[in-house]
Amino acid sequence: MADLRKIKDDLRVKMSLRENSNNPESLVQIKVAMATCGIASGAKQVMDFFIEELEKRNIQAVVTQTGCMGYCFAEPTVEITLPGQSPVVYGYVDTKKADDIIEKYIKNGELVEGIIPVNYETIENNKEEK
Amino acid sequence: MKDLSLHILDIAQNSIAAGSGLIKVTITEYRGSDLYRIEIGDNGKGMTPDFAATVTDPYVTSRTTRKVGLGLSLFKQNAERTGGTLKILSESGRGTIVSADFGLSSIDRPPLGDIAGTMVLLAAANLKTRFIYRHITEKGEYIFDTKKVNEMLEELPISEPGVIRFLKEMIRENLQEINIAG
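These protein sequence lines map, in sequence, to chains A and B.
By my numbering, the letter at position 87 of the first sequence is numbered 87, and the numbering carries on one by one without gaps.
By my numbering, the letter at position 182 of the second sequence is numbered 182, and the numbering carries on one by one without gaps.
The following block holds chain A by itself, in its conformation from the complex (with noise of 0.2 Å):
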């Protein structure tokens, strides 16, 4: 406990250097589904990868794990919200995808392969179709 202490001053230092940091929705968030399937078939790895490539390459994202998002059969999962941007989720996602997802649209907005597809409507769009 005693060099949590040390680490601490050092973390505060890099934390009050970021922009942003207060807005949630300004930053990227990255929401990995971790329920038995997506756990199953690795999605901890994946969302480790996340949270330390990110770190590594200076990009400001939230991860968190969320439960099931009912696409198990292409689990790990994982859901990118950009800010200002519409969720995109991709499935079948393992560390090399997990980089190329970072690498190309986390950071060029270049949407990579294996996007599953929204198929629901919400009852705001149906309302306005009328």
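Hints in this document: simulated from the structure, not taken from any laboratory.
All residues carry an ideal CB built from backbone N, CA and C; glycine is no exception.
A hint or two may mislead.
Chain B is faced by these chain A residues, among others (derived, beta-carbon under 7 Å) [what the hints assert, rightly or not]:
{"hint": "1", "residue": "I51"}
{"hint": "2", "residue": "T64"}
{"hint": "3", "residue": "G70"}
Not everything, but these chain B residues come out facing chain A in the computed CB check (under 8 Å) [what the hints assert, rightly or not]:
{"hint": "4", "residue": "L70"}
{"hint": "5", "residue": "E160"}
{"hint": "6", "residue": "G162"}
Please build the complex by placing chain B on the supplied structure of chain A, with the hints as guidance.
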């Protein structure tokens, strides 16, 4: 599931879905009676006796996206494969304890795996929940309590990558000191 820490990650998700503010994961190794016990307890909404009695059936689930829930079934199967058991104690409005006994030396017992990573991941992704991980062996006991960690960190969240890395190392070193089984 390749190892026990993934089962723990999975069952703890149930506790989180039940709205728990406190989740206790306790692993006890009794070399004398060849027992490896994993208990995951929470103070979530609990289950009615009827539901709890059938919950290890894969077709019984509280999930709404699918009609199948495999987490408890797989955990139970793995425990029984080593000559062990899975017990569930639950009370509506109070919480649930899932207790799995494995044969410590059984060749069918999956290894513990990356428990440090699992606990830190759970804590980092659920900052408002308190996790207490206790590991007991004949050599001693190690306790990882996110309340104490947060007090030490003050305003720094556990989800900060530098903290995540540090906590994983800290847990691993402490577990080595009490000679945990694989």
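*Out of the numbered hints, which ones does the structure contradict?*
Of the numbered hints, all hold.
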